[in-house]
Amino acid sequence: MTALPETGPPGTELPGTGPGQDGPGDLQAHFEQTLDRGRRIEPRDWMPDAYRSSMIRQIAQHAHSEIIGMQPEGNWITRAPSLRRKAILIAKVQDEAGHGMYLYSAAETLGADRADLTDKLVHGRQKYSSIFNYPTLTYADVGVIGWLVDGAAICNQVPLCRSSYGPYARAMVRICKEESFHQRQGYELLMTMMRGTTAQRAMVQDATNRFWWPSLMMFGPPDDQSPNTAQSMAWGIKRHTNDELRQRFVDMTVPQAEKLGVSLPDPDLKWNAERGHYDFGSVDWDEFMAVVKGNGPCNTQRIARRKAADDQGAWVREAAASYAAKRRAGEEAA
Amino acid sequence: MEEPQVRSGWPLYEVFLRAKRGLNHVHVGSLHAADSQMALHHARDLYTRRNEGISIWVVAARDITASSPDEKDPFFAPSGDKVYRHPTFYEIPDDVPHM
Chain G
1 MTALPETGPP
11 GTELPGTGPG
21 QDGPGDLQAH
31 FEQTLDRGRR
41 IEPRDWMPDA
51 YRSSMIRQIA
61 QHAHSEIIGM
71 QPEGNWITRA
81 PSLRRKAILI
91 AKVQDEAGHG
101 MYLYSAAETL
111 GADRADLTDK
121 LVHGRQKYSS
131 IFNYPTLTYA
141 DVGVIGWLVD
151 GAAICNQVPL
161 CRSSYGPYAR
171 AMVRICKEES
181 FHQRQGYELL
191 MTMMRGTTAQ
201 RAMVQDATNR
211 FWWPSLMMFG
221 PPDDQSPNTA
231 QSMAWGIKRH
241 TNDELRQRFV
251 DMTVPQAEKL
261 GVSLPDPDLK
271 WNAERGHYDF
281 GSVDWDEFMA
291 VVKGNGPCNT
301 QRIARRKAAD
311 DQGAWVREAA
321 ASYAAKRRAG
331 EEAA
Chain U
1001 MEEPQVRSGW
1011 PLYEVFLRAK
1021 RGLNHVHVGS
1031 LHAADSQMAL
1041 HHARDLYTRR
1051 NEGISIWVVA
1061 ARDITASSPD
1071 EKDPFFAPSG
1081 DKVYRHPTFY
1091 EIPDDVPHM
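Residue numbers (my numbering), protein chains in the order written: chain G, 1 to 334; chain U, 1001 to 1099.
I should point out that these hints are in silico values taken from the structure, not numbers from a laboratory. Cβ coordinates follow ideal geometry from the N, Cα and C atoms, glycine included. It is possible that some hints are incorrect.
[To be verified] Partner residues are not named here, just some residues of chain U that face chain G (Cβ under 7 Å, in silico): (1) Gly1009; (2) Gly1029; (3) Ser1030; (4) Asp1035; (5) Leu1046.
[What the hints assert, rightly or not] The calculated lysine to any residue pairs, modelled on SDA-like cross-linking and capped at a C-alpha distance of 20 Å, are: (6) G/Lys86 with U/Arg1050; (7) G/Lys86 with U/Asp1045; (8) G/Lys326 with U/Ser1036; (9) G/Lys326 with U/Met1038; (10) G/Lys307 with U/Gly1009; (11) G/Lys86 with U/Arg1049; (12) G/Lys177 with U/Ala1019; (13) G/Lys177 with U/Lys1020; (14) G/Lys120 with U/Gly1009; (15) G/Lys177 with U/Thr1048; (16) G/Lys177 with U/Arg1044; (17) G/Lys270 with G/Asp243; (18) G/Lys177 with U/Arg1050; (19) G/Lys177 with G/Gly98; (20) G/Lys177 with U/Arg1049; (21) G/Lys177 with U/His1027.
Hey, can you work out the whole structure from these sequences and the hints?
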């Protein structure tokens, strides 16, 4: 990774490279002062290498999750039960692609190259959210993903609208607005199924059972096993700990499950009046680690699909580039 | 400074949107495209899925010239010491109407 921002418009000196610039100590102090004042870091500001690389990793992982996240739901587009549901699902999957693009765009302001990020994804050098390594077995999964998975994503993402890195925060504002549609369409889909046949209600319950624990895993390991949290909070690239957000999600979701008429698969889940929160059972972190390490039900399939799409699109990218070059040459000659 | 080239060789475009009549175009993000027409189409698909804009500008990132990012940039010094450009610089008694 380069230490200098590459994507700022050319024609100006980079910070720290021109004559009479501040020394590194001053730059560091200025960076910290900007954070202390609650101001945003912008692309061409000086920033510590570790901040830059953490930010690229966070944004890339998020972008990859959006792109891989198109697959589990895309799986049901051709089999959506009505034209209305199909149109909604297409719009939602298009949004996921859009979110990925906003995020790759933000990552590029830090000097990353999106083709390089895709390479890292398909070669397993960068990760994506482990939730997308679970299969979507029935149409109810589409609803449960909207309700639980997008619900958890919203919990995670709303605080990121205040990320200290400007382009990421701005991308998150757009994304959060659109995620609200995702969650609501999922919940509405489930309400419709719950008003249906016994078999449909059973499908909703089954999908809820399968996605509940993986949704809780989306917030990451418990605080005492999350070594980077302190630094990330100091840099303002993380605003709440994993456990805080997980608790918030549980508190939000339990009444929604009651209203829907499904049970959540956790015998230890109960209201704790003293804490003012729901208590819940412990997550199977061995399963989480196994999925993160590539041994989830769909890891291989997800990456193979992404790689195939990238490979199969290569000739289109090349053809468009040579067509554009030819046209440019024609215009210059004329 | 070299523009980073993606594998495909598609250059980077910055995207500006006018949300509605009466407002300026505002920068919303960037994308890659083979040429400016494609950039415009991609910008429509990516940044106006929900009526966010009625007009789009795309500008090749390599064509943008920018000031230094430093907040203490001497480039902006000329406006720093000209407080008399602001209306609050002038003491006017409170009882002067419509001022």
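Can you give the numbers of the hints that this structure goes against, from lowest to highest? Those not satisfied: there are none.
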